[in-house]
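*Asks:* Listed below are the residues making up each chain.
Protein chains: 2
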Amino acid sequence: MGLLEETLEQIVPKDSKWETRAVDRLERLTMPHWALGRVMDLARSLAGMTRSLDPRVDRKVMIVMAGDHGVTAEGVSLYPAEVTAQMVRNFAAGGAGINALAKVCGARLVVVNMGVNGDLTDLVQEGHILDRSIRSGTGNIAQGPAMSRDEAVRCVEAGLEITLGFGDRVDVLGTGDMGIGNTTPSTAIAAVLTGVSVEKLVGRGTGIGDEQLAHKVGVIQQALEVNRPDSRDGLDVLARVGGFEIGGIAGVILGAARLKKPVVIDGFISTAGALIASRLAPQSVDYMVAGHQSVEPGHRVMLAELGKRPLLDLDLRLGEGTGAALAMPILDAAAGVLTQVSTFEEAAVSGAIP
Amino acid sequence: MGLLEETLEQIVPKDSKWETRAVDRLERLTMPHWALGRVMDLARSLAGMTRSLDPRVDRKVMIVMAGDHGVTAEGVSLYPAEVTAQMVRNFAAGGAGINALAKVCGARLVVVNMGVNGDLTDLVQEGHILDRSIRSGTGNIAQGPAMSRDEAVRCVEAGLEITLGFGDRVDVLGTGDMGIGNTTPSTAIAAVLTGVSVEKLVGRGTGIGDEQLAHKVGVIQQALEVNRPDSRDGLDVLARVGGFEIGGIAGVILGAARLKKPVVIDGFISTAGALIASRLAPQSVDYMVAGHQSVEPGHRVMLAELGKRPLLDLDLRLGEGTGAALAMPILDAAAGVLTQVSTFEEAAVSGAIP
Numbered sequence: 000m001g002l003l004e005e006t007l008e009q010i011v012p013k014d015s016k017w018e019t020r021a022v023d024r025l026e027r028l029t030m031p032h033w034a035l036g037r038v039m040d041l042a043r044s045l046a047g048m049t050r051s052l053d054p055r056v057d058r059k060v061m062i063v064m065a066g067d068h069g070v071t072a073e074g075v076s077l078y079p080a081e082v083t084a085q086m087v088r089n090f091a092a093g094g095a096g097i098n099a100l101a102k103v104c105g106a107r108l109v110v111v112n113m114g115v116n117g118d119l120t121d122l123v124q125e126g127h128i129l130d131r132s133i134r135s136g137t138g139n140i141a142q143g144p145a146m147s148r149d150e151a152v153r154c155v156e157a158g159l160e161i162t163l164g165f166g167d168r169v170d171v172l173g174t175g176d177m178g179i180g181n182t183t184p185s186t187a188i189a190a191v192l193t194g195v196s197v198e199k200l201v202g203r204g205t206g207i208g209d210e211q212l213a214h215k216v217g218v219i220q221q222a223l224e225v226n227r228p229d230s231r232d233g234l235d236v237l238a239r240v241g242g243f244e245i246g247g248i249a250g251v252i253l254g255a256a257r258l259k260k261p262v263v264i265d266g267f268i269s270t271a272g273a274l275i276a277s278r279l280a281p282q283s284v285d286y287m288v289a290g291h292q293s294v295e296p297g298h299r300v301m302l303a304e305l306g307k308r309p310l311l312d313l314d315l316r317l318g319e320g321t322g323a324a325l326a327m328p329i330l331d332a333a334a335g336v337l338t339q340v341s342t343f344e345e346a347a348v349s350g351a352i353p
Numbered sequence: 000m001g002l003l004e005e006t007l008e009q010i011v012p013k014d015s016k017w018e019t020r021a022v023d024r025l026e027r028l029t030m031p032h033w034a035l036g037r038v039m040d041l042a043r044s045l046a047g048m049t050r051s052l053d054p055r056v057d058r059k060v061m062i063v064m065a066g067d068h069g070v071t072a073e074g075v076s077l078y079p080a081e082v083t084a085q086m087v088r089n090f091a092a093g094g095a096g097i098n099a100l101a102k103v104c105g106a107r108l109v110v111v112n113m114g115v116n117g118d119l120t121d122l123v124q125e126g127h128i129l130d131r132s133i134r135s136g137t138g139n140i141a142q143g144p145a146m147s148r149d150e151a152v153r154c155v156e157a158g159l160e161i162t163l164g165f166g167d168r169v170d171v172l173g174t175g176d177m178g179i180g181n182t183t184p185s186t187a188i189a190a191v192l193t194g195v196s197v198e199k200l201v202g203r204g205t206g207i208g209d210e211q212l213a214h215k216v217g218v219i220q221q222a223l224e225v226n227r228p229d230s231r232d233g234l235d236v237l238a239r240v241g242g243f244e245i246g247g248i249a250g251v252i253l254g255a256a257r258l259k260k261p262v263v264i265d266g267f268i269s270t271a272g273a274l275i276a277s278r279l280a281p282q283s284v285d286y287m288v289a290g291h292q293s294v295e296p297g298h299r300v301m302l303a304e305l306g307k308r309p310l311l312d313l314d315l316r317l318g319e320g321t322g323a324a325l326a327m328p329i330l331d332a333a334a335g336v337l338t339q340v341s342t343f344e345e346a347a348v349s350g351a352i353p
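Going down the list, the protein sequences come from chains A and B. One point on numbering: in numbering that gives the first Met the number 0, the residue at position 170 of the first sequence is 169, and numbering is uninterrupted. One point on numbering: in numbering that gives the first Met the number 0, the residue at position 314 of the second sequence is 313, and numbering is uninterrupted.
Be a bit skeptical, because a hint or two may be false.
Each pair may be met inside one copy or between any two copies, as identical chains are not told apart.
What the hints assert, rightly or not - Straight-line alpha carbon distances no greater than 30 Å define the calculated DSS-like cross-link-like pairs of lysine-lysine that follow:
#1 Lys-199 with Lys-259
#2 Lys-307 with Lys-16
#3 Lys-259 with Lys-102
#4 Lys-16 with Lys-102
#5 Lys-16 with Lys-199
No wet-lab data here; the hints were simulated from the structure. Since we're looking at a predicted model, the values are computed, not measured.
When you get a sec, could you build the whole thing from the sequences and use the hints?
*Replies:* Encoded structure:
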């Protein structure tokens with residue numbers, strides 16, 4: 000049995016008994032009932048995920064998956080495909096948005112080459128990035144499948160392996176992506192797995208204009224017609240219209256669920272990975288925390304499909320895990336509320352007037 | 000000339016030249032244009048406030064102002080008035096929500112007795128709180144003014160003095176409140192300064208039911224009729240229908256503006272203080288950062304009056320500065336983006352396809 004199959008068998012839902020215990024304490028804290036709103040909702044979830052009233056959240060790892068996309072040949076992005084490799088170098092040099100934001104939340108940044116078109120050997124040798132490259136970019140989904148089913152399993156297993164490797168040395172995971180053109184496969188995945196039309200889901204990605212947007216819709220519709228992915232089969236969707244980094248992200252999420260740890264999902268691309276993960280293991284959804292609401296229109300639909308309300312809404316559309324990193328301090332807050340705030344009895348504060 | 004008058008003369012707007020310089024750099028960062036959305040808006044503002052492209056944000060001080068309210072005699076709150084003093088003891092002991100959340104964002108917590116009904120001498124002597132008590136609770140605004148005009152000046156000056164005392168040893172200020180019954184004066188202030196009716200502004204505060212809510216509307220309307228505050232005169236509004244802690248918060252905000260430093264405004268009560276500050280010095284609004292959108296219905300109207308969009312929306316209704324503390328990491332992120340992210344040229348990353 001492979002790592003993926005084995006993992007799918009081991010994922011169990013969060014534990015409602017621990018949620019109930021957490022609620023019992025949270026309702027007695029020295030504040031009006033549930034006055035910290037969604038921070039308390041999150042505290043309850045953390046207790047259920049980790050089976051603890053004292054969930055650790057300090058050791059954070061942000062995993063950024065990078066890969067290239069054959070579909071860039073169709074002119075779907077504002078940026079040349081070479082930017083994927085250049086940005087991986089930027090991550091390694093510490094000069095990208097995610098470098099700054101991972102530092103703010105105290106997360107360790109792990110960058111993974113899942114299939115970048117470009118020689119990154121020096122970065123691997125110097126320990127800046129991990130090499131799990133499937134190959135140098137997916138096939139052009141407007142013409143055929145992104146990858147084989149075997150490659151799809153391999154990219155999910157790469158994410159799994161890295162995550163499980165952290166085991167008990169990580170408390171919170173975060174997902175991020177880099178891949179010029181990857182809003183195109185992500186929109187295709189969203190269309191297949193939510194049933195909503197491409198026109199309603201598609202967005203401007205890195206900033207294309209109206210004409211290019213109409214072209215992008217056509218390319219995605221063609222990709223769906225050429226490939227006819229099976230919506231009941233997450234691996235088939237990933238293989239036909241996905242991407243290596245999207246599969247890697249799905250693997251990170253499944254790994255977090257197997258470890259019973261929270262995983263903060265970034266924006267549009269990460270949520271495409273989360274949708275794939277949810278089809279492979281519906282109970283993995285219990286461990287997902289939606290970091291933010293992306294500007295990309297389809298993101299709202301995808302989060303609704305997962306039943307998630309995002310923590311932040313800051314008009315972000317960068318990816319890289321930046322929205323997940325920005326949300327991480329809210330997990331610190333949730334754990335702090337659960338563990339550090341006194342109850343009315345403990346603090347000798349009077350309760351509500353009966 | 001008193002400290003307040005002197006301060007009002009010294010408050011100047013943020014500097015648009017520095018904002019332009021910040022935008023020039025932010026637009027060349029290795030990401031699609033303005034892809035970090037509101038984090039970049041905030042980075043621009045920070046540059047304009049601090050006159051710097053390298054704004055420090057690490058030394059954070061959260062000032063929590065506490066005071067009691069004579070209007071609690073009208074039965075407007077779910078909690079007995081003694082809870083104000085008990086919660087100040089809870090702050091001193093480290094057991095309240097704000098203690099946990101100030102720790103998450105690395106803020107120093109300063110608790111000020113602005114006029115609590117109860118003996119807190121031991122906490123002052125032990126250095127847990129500052130004593131700037133005007134007197135042990137305001138007058139009942141349903142019967143007469145909250146305080147004299149002289150007391151109004153004194154409570155604003157107390158907040159000013161504490162803030163200016165930090166001078167160059169603080170980078171970011173945050174405001175918080177504690178005072179059983181204080182959504183009642185805050186709603187009255189909001190009604191006077193926004194012109195919106197009490198019915199549209201009023202909310203459940205700590206959690207009152209329908210009947211008590213209708214009663215609260217009546218009490219606030221009575222307070223406005225009895226006192227007839229002059230909406231053009233912030234000090235008159237504070238004196239007639241305000242609170243000592245609300246005046247203290249206005250002082251903190253004016254102090255931050257005089258220091259040319261950002262001040263993160265918490266929820267409903269803090270925003271009432273911000274409205275008072277904005278009437279005393281309209282340019283102080285430039286230094287305000289709205290931390291979050293409170294559940295209290297009037298908060299949206301008050302933020303609109305200030306022209307502010309809140310950073311967070313997490314269903315909070317606690318006060319104490321908790322929403323400001325939760326928002327503070329976003330200031331770290333904004334400064335990090337401005338100072339640590341490379342431009343396309345610096346990182347040798349290709350720009351958009353022309």
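*Asks:* Would you mind marking each hint as holding or not holding in the structure?
*Replies:* These are the hints, each one checked on the structure:
| no. | hint | result |
| --- | --- | --- |
| 1 | Lys-199 with Lys-259 | neither (34 Å within a copy, 45 Å between copies) |
| 2 | Lys-307 with Lys-16 | within (21 Å within a copy, 41 Å between copies) |
| 3 | Lys-259 with Lys-102 | both (25 Å within a copy, 26 Å between copies) |
| 4 | Lys-16 with Lys-102 | between (35 Å within a copy, 29 Å between copies) |
| 5 | Lys-16 with Lys-199 | neither (40 Å within a copy, 41 Å between copies) |
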